[in-house]
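J.: This is what each chain is made of:
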Amino acid sequence: MSNAALKVASSTSLSRSDCEDFLIHEARLLDEAHFDDWLALFTPEARYWVPSEPNQKSPLDTVSLMYDDRRLLETRVRRLSSPKIYSQEPRSRTSRIVTNATIESTDNGVTKVRSKFVMVEYRREEQRLFAGTYLHDLVVIDSAIRIAFKKIDLVNCDAPMDGLVVPF
Amino acid sequence: MQAYSVDDLSSAVQPARVHRKLYTDPAIFELEMERIFGVAWLYVGHESQVRNPGDYFLTQVGRKAMVVTRDDTGKLRVLHNQCAHRGAMVVASDCGHAKEFQCVYHGWTYHLDGRLKAVPLNHGYPSDFDTKNPRTAMTQVPRVESYRGFIFISQAAEGQSLTDYLGHMATSLDDMVDRAPDGEIEVAGGVFRHAYNANWKLYLENLCDAAHPWFTHRSSIDAAQQQSDDVYSDGTGEIAIRQMRQNGAPYSFWENQVGIWTYANGHSYLGDYHDDKKLTASMEDPLFREYIGILQEKKGKEETDRILKVRRWNSNLYPNVSFMSQYQQLRVIHPISVNRTVVCTYNFRMKGAPEQMFRNTISFANTVNGTGSLVLTDDLEIYNRVGIGLHSEGAEWIEVGRGYHSDVRDEFGGLKGKNSTSEVYIRNMFDAWRGYMLGDKAGSAQTMKESA
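In order, the protein sequence lines correspond to chains G and B.
All letters in the first sequence, in the order written, are residues 1 to 168 by the numbering used here.
All letters in the second sequence, in the order written, are residues 1 to 452 by the numbering used here.
These are calculated hints, taken from the structure and not from any lab test.
A couple of the hints might just be wrong.
Derived pair list, reagent style DSS-like, types lysine-lysine, alpha-carbon separation capped at 30 Å [stated by the list, open to error]: (1) B/Lys278 with G/Lys57; (2) B/Lys99 with B/Lys21; (3) B/Lys99 with B/Lys132; (4) B/Lys309 with B/Lys132; (5) B/Lys301 with B/Lys351; (6) G/Lys84 with B/Lys301; (7) B/Lys351 with B/Lys298; (8) B/Lys277 with B/Lys351; (9) B/Lys277 with G/Lys84; (10) B/Lys99 with B/Lys75; (11) G/Lys57 with B/Lys351; (12) B/Lys117 with B/Lys132.
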């Protein structure tokens, strides 16, 4: 595994290339199913959100394909490693491309990064294609980059869909 | 495709077992669309989605595209979304408000009740062309009725009334509405559209199945039981994790303390299995204390006690809707093909209840109905596995005999399981299936039931 993105950040000010390295590292952890390591990237009060509607304003008043506070995210990740997660027998294989990263703003130590992704998921003779926009709120804690908030806007978020088990 | 005689269909549903072709044969699926979905009362939506004249939304009824709307007089109308001229889909937005419906192909324009209003270049049509001729209207569904805000349609011009169709199960719809302090609920908070590669019947067959959570949902039960409650939650995870833990109730509980009731026309409900203070209206929880206080203020103590004593989990109205009256959730089943089903799920806001209760409803929806739920995804996997398994010719018959010899009559004329894990509700749906498919009066066939 590449440790490039785990290198100690020298300050709270993140460059675009710091952010890109981090996003690539995160995508690799997910593709290689290192879900515990992925969870470790999140802050203790992190939230993870996949809206069910385009331009959805809140995860609290409208349903979401996934909306996890830190407690539920831990449960989601723990389930992924259960031998009894039948929806992952056989396991999905995924391949992601993350690109077009831009820093949208930097305020109070929070760097908002917007990027585009494409994810291919293969499971049981079926291949699915997902695409959309990632929005990361990145912070630096103890010299390491951490995710305080991650939002995934899928281009087809309101389409009829088969079950979603692997995180985006 | 194989043509099925009445005898063929009749022999496919036997006491305590059914033939696998009922789930795999496209010819049987076509017959179901015609004889069940083409005739039965079907849920199409809620009046809160069409409050005012001109409000409309689109839906699929079986495989037919339809528009549900309210005309200028306030009457509910359900129209086939199809231009009377060349058949194009007329209304293209999922929901909205309109003064009239206009086909953008040649400009045929319709009143909200489907009658033709105007046609450009109307001199060019044959001499008998008349905008008043029903042939020039968008086709209306002959019967549209609502019960306490829930809109149902039947594509058969005559037949059983909605009241007779609902029977005792109307009490589950009552429960959904009665729980609102202001006596009114509204659709709110978005929609899930989840899908699987198997037959539509499997969905309702799972919703009153008290024997599967312990097994199927094991991964989420374990993960939730191991979760520390000290970790940060904004309220969302707390509700989700409590719900997942409840699924881990032991077999003895599912077997003896839940209850399964069935009624004519294929309907059924499973009793509730929750005892968590944040998932049932408990005085131990401050939010529910506030809610119960409001209910008592508006409805009196006696009526509040009566309402809160009703404890039901899923209520199924055969063939296309299931709802959780206690949790303000509703799911509509859309058969796409013999091997493909889409289910749309809705949440309701109870008027007059504390706003946090609606937020909890949303968290609950994410957990039990979410396309990315930690629970539902294992149900979808089971449907897919059944879909794959049934295409094998190894076993021709599916067993639905659990509890067959021990089901008992209930006081409202239904049949209930002696144990909550009885498959009586599946046999009851196949009774209704026989009724529709063989042309008997719905619900009159008794071959799946032992006389008790």
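J.: Each hint needs a verdict: does it hold in this structure or not?
T.: Hint check results:
1. B/Lys278 with G/Lys57: holds (26 Å)
2. B/Lys99 with B/Lys21: Violated, because 47 Å separates the two Cα atoms, which is more than 30 Å.
3. B/Lys99 with B/Lys132: The given pair, whose Cα atoms are some 19 Å apart, holds under the 30 Å limit.
4. B/Lys309 with B/Lys132: This hinted pair is violated, its Cα atoms lying about 53 Å apart.
5. B/Lys301 with B/Lys351: holds (19 Å)
6. G/Lys84 with B/Lys301: Measuring from Cα to Cα gives roughly 46 Å; hence the hint is violated.
7. B/Lys351 with B/Lys298: Holds: B/Lys351 and B/Lys298 sit about 12 Å apart, inside 30 Å.
8. B/Lys277 with B/Lys351: Between B/Lys277 and B/Lys351 the Cα gap is close to 22 Å, so the pair holds against 30 Å.
9. B/Lys277 with G/Lys84: holds (28 Å)
10. B/Lys99 with B/Lys75: holds (14 Å)
11. G/Lys57 with B/Lys351: holds (22 Å)
12. B/Lys117 with B/Lys132: With a Cα-Cα distance of about 9 Å, the restraint between B/Lys117 and B/Lys132 holds, given a limit of 30 Å.
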